[in-house]
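Peer 1: Sequence:
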Amino acid sequence: SLGEGPVDLARRIRDKVPAGHWSSPKVRARVIARTETLHAQRQSALEAYKDAPNVTQVMVFDNRTGYNDEECAALDGKIVDLADAWDLMNEEHPNGTRSFAPVVA
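Each residue of the sequence shown is one higher than the one before, starting from 1 at the first, in the numbering used here.
Hint data in this document are derived by calculation from the structure and do not stem from the laboratory.
Worth double-checking, as some hints may not be accurate.
[Claimed, not checked] Restraint ranges, calculated between C-beta atoms of paired labels, are given here:
{"no.": "1", "residue 1": "50", "residue 2": "93", "range": "19 to 25 Å"}
{"no.": "2", "residue 1": "84", "residue 2": "26", "range": "33 to 39 Å"}
{"no.": "3", "residue 1": "53", "residue 2": "19", "range": "43 to 49 Å"}
From the three backbone atoms N, C-alpha and C, an ideal C-beta is built for every residue, glycine too.
Start from the sequences, fold in the hints, and give me the full structure.
Peer 2: Structure representation (structure tokens):
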């Protein structure tokens with residue numbers, strides 16, 4: 001809501017989070033910032049697509065970093081309806097790169 005990008009957000013929260021199972025609070029803050037920033041971008045995009053009269057489906061972009069997670073790789077390039085896209089967005093894992101592009105009718 002402050003319009004911060006991942007770098008600024010990570011810097012702001014790194015002294016407020018424990019390391020957890022990450023190597024340091026700084027690393028965890030970076031993961032949180034990237035994850036939450038992309039999640040907000042996905043939500044915004046799906047809201048815009050929902051309001052567009054000519055968009056009822058999206059193409060999933062995933063596994064773009066070469067991590068080769070089987071589930072993410074299987075979703076890459078798949079076309080899904082908007083309800084399924086919301087579910088896929090909410091199921092995304094930390095540090096995930098899943099995103100969506102509109103399929104225009």
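Peer 1: Against each hint, give a clear statement of whether it holds in the structure.
Peer 2: Evaluated hints:
1. 50 with 93: 19 to 25 Å: Roughly 24 Å apart at Cβ, these two residues keep to the hinted range, so it holds.
2. 84 with 26: 33 to 39 Å: holds, 36 Å
3. 53 with 19: 43 to 49 Å: Holds - the Cβ-Cβ distance for residue 53 and residue 19, about 47 Å, lies within 43 to 49 Å.
This entry satisfies every hint, going by the numbered hints stated previously.
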